[in-house]
Amino acid sequence: TQLLEQSPQFLSIQEGENLTVYCNSSSVFSSLQWYRQEPGEGPVLLVTVVTGGEVKKLKRLTFQFGDARKDSSLHITAAQPGDTGLYLCAGGGEDMRFGAGTRLTVKP
Amino acid sequence: DVKVTQSSRYLVKRTGEKVFLECVQDMDHENMFWYRQDPGLGLRLIYFSYDVKMKEKGDIPEGYSVSREKKERFSLILESASTNQTSMYLCASSFWGRAPAHGYTFGSGTRLTVV
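Each protein sequence line maps, in turn, to chains P and U.
Just so we're aligned, residue 1 is where the first sequence starts under the working numbering, counting upward by one.
Just so we're aligned, residue 1001 is where the second sequence starts under the working numbering, counting upward by one.
If you are wondering where the hints come from, they were derived from the structure by calculation, not from laboratory data.
Errors might be hidden in some of the hints.
[Unchecked claim] Between beta-carbon pairs, the in silico distance windows are:
(1) U:Lys1003 <-> P:Lys57: 20 to 30 Å
(2) U:Thr1015 <-> P:Gly53: 46 to 56 Å
(3) P:Ser12 <-> U:Lys1053: 43 to 53 Å
(4) P:Ser26 <-> U:Ser1108: 48 to 58 Å
(5) P:Val44 <-> U:Pro1039: 18 to 28 Å
No experiment lies behind these values; they were computed from the predicted model shown.
Glycine included, each C-beta is placed from N, C-alpha and C at the ideal position.
Turn these sequences into a full structure, and let the hints steer you where they fit.
Structure, rendered in structure tokens:
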């Protein structure tokens, strides 16, 4: 089983700050995905990264896939309270495995 | 609006009861999955299915079984519920061959408490 480790586990910041969360593995992945989960809901896909070194931007969110395709990062610029949630990375084949997530709280 | 629907948001069951968690998707997806989510452990794969009447064990199948009689419906069965099965259960689906690129669509989850 391919394991994904996410850090930090918890992150609490003020509105307007920048932050980066990480997803690391000892295994090589053909692609990695990032999801966001809000309380009482299922995870929702944010992005898929496929190519080593790839950078994708989604408004204030920047996703990067490591050159060796073993790790990924999510950077949020000028965080807002609406960014609050659990951020999960996932990878694998048809049956994907998930990290434990980073729980982000953005305070007004 | 496409969706994955889980029949119950909250369930409370007694130890030893047989429990059925139902999941229905309206996207004609071939793949369906059951995960449980626990704090600090993330989502762990219980069972999955690539087609009707097919099932595959995930990482933690012990104490669970599944049924997929129709393409749109995937049921998770706890044969004899125990307190360590108290958890959030998430159902997901995807098209065959497209999960790594397009990801899963999840239901809203069923929070099961076994007392």
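Quick rundown of the hints versus the structure:
1. Distance hint check: the CB atoms of U:Lys1003 and P:Lys57 are about 28 Å apart, consistent with the given range 20 to 30 Å.
2. Here the CB-CB span from U:Thr1015 to P:Gly53 is close to 51 Å, well matched to the stated 46 to 56 Å.
3. Against the hinted window of 43 to 53 Å, the Cβ-Cβ separation of P:Ser12 and U:Lys1053 comes to about 47 Å, which satisfies the hint.
4. The beta-carbon spacing between P:Ser26 and U:Ser1108, approximately 33 Å, falls outside the hinted interval of 48 to 58 Å.
5. Take P:Val44 and U:Pro1039: their Cβ atoms lie about 20 Å apart, and the range 18 to 28 Å holds.
Comparing the model with each earlier hint shows a violation of hint 4 alone; every other hint is respected.
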